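Q: From first to last, the protein sequence lines are chains V and G.
Numbering follows UniProt numbering, with no gaps: position 297 of the first sequence is 297.
Numbering follows UniProt numbering, with no gaps: position 437 of the second sequence is 437.
Misleading hints may appear alongside valid ones.
Note that identical chains are pooled: a pair holds if it fits in a single copy or bridges any two copies.
[As the list claims (entries may be wrong)] SDA-like, lysine to any residue: derived pairs with alpha carbons at most 25 Å apart:
| # | residue 1 | residue 2 |
| --- | --- | --- |
| 1 | LYS98 | GLU520 |
| 2 | LYS612 | GLN601 |
| 3 | LYS284 | ARG412 |
| 4 | LYS437 | ASN282 |
| 5 | LYS284 | THR114 |
| 6 | LYS608 | ASN183 |
| 7 | LYS135 | ASN155 |
| 8 | LYS600 | LEU221 |
| 9 | LYS600 | SER532 |
| 10 | LYS214 | ASN150 |
| 11 | LYS608 | ASP159 |
| 12 | LYS600 | ARG459 |
| 13 | LYS98 | LYS524 |
| 14 | LYS98 | GLU240 |
| 15 | LYS98 | ARG208 |
| 16 | LYS98 | LEU544 |
| 17 | LYS467 | MET271 |
| 18 | LYS260 | ARG146 |
| 19 | LYS387 | GLU341 |
| 20 | LYS123 | GLN518 |
| 21 | LYS389 | GLY321 |
| 22 | LYS426 | ARG288 |
| 23 | LYS284 | HIS461 |
| 24 | LYS415 | ALA173 |
| 25 | LYS345 | ARG455 |
Quick caveat, the hints were computed from the structure, so don't treat them as lab data.
As the structure is a computational prediction, the values presented were derived from the model and not from experiment.
Each chain, letter by letter, is given below.
There are 2 protein chains.
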Amino acid sequence: MYRSHTCGELTINEVKQEVTLAGWVQTVRKFGAITFVDLRDRYGITQLLFGEELNTQLDAQPLGREFVLQASGIVSERSNKNPNIPTGDIELAVSSFKILNRSAVPPFTIQDDTDGGDDLRMKYRFLDLRRNAVKRNLELRYAVNRSARNYLHENNFMDIETPFLIKSTPEGARDFVVPSRMNPGQFYALPQSPQTFKQLLMVSGYDRYYQIVKCFRDEDLRADRQPEFTQIDCEMAFVEQEDILNMFESLIKRIFKDVKNIDYTEAVERMTWEDAMWTYGNDKPDIRFGMKIGNLKFPAHTFPSRIAHLQNSLIGVGSSGFPVFDNAETVLAIAAKGCSEYTRKQLDELTEWVKRPQIGMQGLIYIKCNADGTYKSSVDKFFSEDKLKAIADAADAEAGDLVLVLAGREERTRKATSELRLEMGKRLGLRKEDEFKLLWVLDFPLFEYAEEDNRWVARHHPFTSPKPDHIAIMINNNPVIENAEKYLEHPYSNIKANAYDMVLNGNEIGGGSIRIFQRELQEKMFAALGMSEEEALHKFGFLLGAFEYGAPPHGGIAFGFDRLCSILGGSESIRDFIAFPKNNAGRDVMLDAPSTIDEKQFDELQIKLNLK
Amino acid sequence: MYRSHTCGELTINEVKQEVTLAGWVQTVRKFGAITFVDLRDRYGITQLLFGEELNTQLDAQPLGREFVLQASGIVSERSNKNPNIPTGDIELAVSSFKILNRSAVPPFTIQDDTDGGDDLRMKYRFLDLRRNAVKRNLELRYAVNRSARNYLHENNFMDIETPFLIKSTPEGARDFVVPSRMNPGQFYALPQSPQTFKQLLMVSGYDRYYQIVKCFRDEDLRADRQPEFTQIDCEMAFVEQEDILNMFESLIKRIFKDVKNIDYTEAVERMTWEDAMWTYGNDKPDIRFGMKIGNLKFPAHTFPSRIAHLQNSLIGVGSSGFPVFDNAETVLAIAAKGCSEYTRKQLDELTEWVKRPQIGMQGLIYIKCNADGTYKSSVDKFFSEDKLKAIADAADAEAGDLVLVLAGREERTRKATSELRLEMGKRLGLRKEDEFKLLWVLDFPLFEYAEEDNRWVARHHPFTSPKPDHIAIMINNNPVIENAEKYLEHPYSNIKANAYDMVLNGNEIGGGSIRIFQRELQEKMFAALGMSEEEALHKFGFLLGAFEYGAPPHGGIAFGFDRLCSILGGSESIRDFIAFPKNNAGRDVMLDAPSTIDEKQFDELQIKLNLK
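When you get a sec, could you build the whole thing from the sequences and use the hints?
A: See the structure below:
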């Protein structure tokens with residue numbers, strides 16, 4: 001061992017002990033004949049004191065930033081203590097030292113506020129990983145990993161490894177494929193998730209499975225996606241939805257406790273998908289704050305349970321003579337607390353904000369709820385004071401608030417209102433970094449309509465069970481959509497799934513479902529998705545086969561491990577929580593991968609390029 | 001929840017409680033009006049008693065093997081107890097039941113001694129996994145996983161995930177490659193191990209890393225190899241070989257304790273590679289038994305440390321006038337305890353055994369050490385009784401033993417003698433299943449000679465450091481081999497590595513090394529392996545670069561997790577310890593993978609087939 005102690009553990013208790021440390025030179029400071037060195041390792045920083053007698057050696061072997069140094073000597077009490085670090089009471093009076101390795105001058109400073117840009121730090125990731133900020137992220141990641149494993153172990157879950165070289169069954173996302181040299185012309189696929197394997201394990205009787213496992217999706221990368229990502233993947237047999245919700249909200253609470261020392265004792269809120277969309281315009285609402293949406297106008301079939309409400313609409317914004325509302329499919333309002341005194345400039349800026357292409361609205365209507373109870377709006381000439389009050393009431397606005405109204409096509413308007421709500425929540429300081437609010441979103445639609453093919457696609461995945469009450473709707477109706485315009489009136493659009501998402505502070509951190517476990521229903525599902533019997537057998541014959549031999553009722557969930565860590569770590573970016581991430585083009589710029597391969601490899605794999 | 005208890009937990013303490021169980025029907029037995037059902041789940045088996053009143057329902061819904069059943073009723077004490085199972089004191093007097101799912105008749109019986117052949121069980125792996133024998137294996141695997149993680153965690157190791165989509169750097173084994181759609185014409189590779197990443201993590205200061213991680217090698221599969229396999233992968237910084245040996249023999253001892261309840265308190269034996277080859281003919285000797293090799297004749301340069309012994313050879317078997325010995329490069333002997341009375345037939349059978357193509361010897365010479373002190377051999381006419389005694393003494397034979405002698409080319413003869421030793425050990429019951437003997441094999445050669453290219457290849461991998469004393473030999477000599485015939489006389493053939501293997505009962509369960517951590521030495525190593533500077537930079541530029549910024553001394557080890565589990569589980573086959581293994585052609589016969597992919601996938605990846 002090159003050291004007797006780490007750089008993070010020496011305190012006043014070790015004074016007068018002879019010790020040896022090894023680590024990296026953080027700083028070198030010369031004061032006359034004396035030299036101070038801060039020596040850093042994974043565990044901390046310790047000050048080294050080099051006396052005059054070592055100057056000859058120091059002159060011959062000068063120390064530089066990031067040199068690897070081994071130093072022995074006696075632990076001494078510091079005259080000038082540093083209360084900010086655990087080792088701040090002592091220093092090491094060096095009697096001998098050895099440079100274990102030299103370092104070139106690093107391309108950026110190894111400090112929390114580094115001077116290195118993103119690209120440079122990605123290229124020299126091995127140096128970026130030395131920074132405290134990055135190290136804390138990876139330590140948090142490991143703590144979450146450890147906590148999850150402990151909880152699941154204590155609850156009788158078994159970690160069972162599933163294969164990485166599997167079969168390509170593209171359905172939804174694109175597979176990464178791997179040419180098989182031993183089976184020329186054939187390919188493995190990398191798993192998008194261990195979904196079918198964990199279901200097989202339930203069929204096999206391993207009634208509580210988990211894995212913290214890499215998954216792969218060959219998608220065009222958006223800002224914060226990675227082609228390989230990690231899931232906490234779980235499945236249980238002989239359970240109903242309620243059992244799963246209880247088991248896994250306790251998992252997240254345990255992680256809160258172990259990793260952040262947060263006692264999350266309250267029950268996790270639950271909300272149906274319809275309520276989430278209705279109230280927050282979003283299926284993963286941030287419920288750290290209210291600012292609920294007032295639904296002034298909306299198309300009936302999107303929210304069948306609200307049809308009555310629509311018909312009895314008190315507000316009637318759609319027949320006001322104001323063309324923007326009259327022509328809009330949807331009119332939604334939110335109230336920004338205490339913002340009634342926003343200036344023209346502030347309102348113009350907000351209007352520009354909603355008109356940005358990412359939000360894509362035509363404009364923004366406002367109603368100031370003045371402190372004196374009067375209203376002032378951008379649509380005064382179309383609406384009476386009573387009408388303005390009715391709109392403000394629909395958004396739960398009070399005197400002093402600012403009501404913001406968006407109008408347009410249903411999907412875009414609802415999304416834009418949700419974005420505006422989140423933006424206002426941020427600006428008003430309502431999205432507190434140290435507050436964590438969990439939410440279960442339930443009762444998702446089983447199907448989504450795919451316009452390009454005029455067919456149904458699975459919203460979660462093809463293995464998700466309909467809600468028990470809705471199974472009959474699925475079985476007794478033909479999935480074919482006769483009239484594309486009126487797909488919302490097809491019975492399938494109202495089938496709800498036994499599916500659930502866990503949302504944390506406005507981010508989906510996990511999702512799952514109760515699965516189909518009967519062959520007939522699974523076949524019906526494949527057919528509903530437009531798969532021929534032959535195709536279903538080719539892709540999923542093993543699963544259909546397994547369902548014939550006593551498949552138990554089962555369900556599960558998968559958490560996005562990277563995302564969960566980033567939220568717990570208070571960061572927007574999952575990349576900060578991955579040791580060796582890829583950039584937005586799917587490249588590892590440190591390795592320079594992907595890269596070309598040899599002729600010999602092409603030859604052995606019996607493939608060749610076919611570049612466009 | 002479909003159950004209040006599992007099928008493994010009800011005992012006499014629960015008698016009179018009302019409970020609900022769910023599981024699979026193992027057996028149905030009818031006695032008159034009464035029906036007994038054994039209900040099975042992951043935790044055990046519980047007997048269900050269906051009284052006369054349920055016969056109408058049972059007739060309408062007959063139960064079959066592997067049906068999934070939910071049954072409620074009262075726990076009752078059994079009149080006819082079964083002491084062999086934990087639930088044997090009770091039975092469940094069923095008051096109501098529900099068939100949760102039916103099952104077709106399974107293609108083989110779900111029992112320890114199943115009637116299903118290998119192929120059938122692989123195709124229906126989800127049913128094979130139900131068998132107790134397989135379940136026990138996966139449970140053991142999870143226990144090893146858990147034990148290893150706990151030990152490593154307690155010793156400050158951090159689980160850090162390394163990427164799966166990396167760069168192809170074929171060196172040794174073949175890479176699996178993954179075409180990149182976003183970077184047409186370029187490929188990722190799947191990692192053969194996280195070797196370079198864990199070294200980068202050491203450079204980054206994470207001084208104790210571990211991962212239980214999938215690795216991939218596209219090799220022609222031998223009997224017990226898998227294209228994807230799992231390693232317990234570890235690395236430490238600021239350590240010397242001794243630190244690593246101590247840390248990881250304690251890991252294995254901990255696993256023995258946690259998983260097998262074995263107190264392995266003795267120090268782990270250590271042996272140099274030369275000693276292992278000299279004494280056991282093998283670099284992973286099974287030291288549960290002796291039967292050490294007597295080296296009667298051998299080529300000097302293979303064992304430089306034995307040259308003196310050769311020159312002073314007392315036995316001189318090579319000038320006896322017996323042409324088999326005279327013409328042989330190597331003559332080796334072992335003594336089979338108490339076998340001096342082997343019959344002609346037994347000796348003939350042994351001779352046939354060594355002549356099998358897998359062993360490949362021309363014949364077998366024997367010397368019977370008779371109980372009366374005389375010798376009887378197959379080469380009596382060439383050797384005097386004294387000479388026979390000297391040979392017998394070299395093999396440590398005593399009266400009553402049978403000495404077996406093999407002669408021929410060095411490599412084959414040594415290997416054959418090792419195989420014969422293991423075979424005799426097995427036949428004589430010396431390789432006890434419940435005995436576990438660990439061994440460190442040390443000081444491996446750094447290089448191996450590759451005849452086809454007349455160059456050196458790394459025996460471990462190109463990142464392994466020479467022993468400190470041997471670094472100068474490496475630096476000061478030209479790696480070029482002028483005379484291929486005399487490669488053993490090249491100074492490189494005597495360089496030993498700072499490498500170590502852990503051997504358990506004759507199986508290599510782990511291996512590792514102290515790594516090179518200086519750029520210059522790493523460059524010298526790449527050059528010694530015949531890599532051009534350009535090639536080295538293209539493949540490993542990131543590592544060479546990292547070594548410029550303060551790389552600490554470091555080293556590590558990787559354990560073959562599948563193999564370790566199979567040995568602890570007392571099986572020869574790693575496949576039994578993998579939930580979803582592939583067959584010898586690298587196929588998953590259950591999934592039918594690999595398989596063809598769509599035109600669309602070829603198109604997007606911009607590759608096409610080039611079948612021969």
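Q: Sort out which numbered hints this structure fails and list those numbers smallest first.
A: Numbers 5, 11, 25, in rising order.
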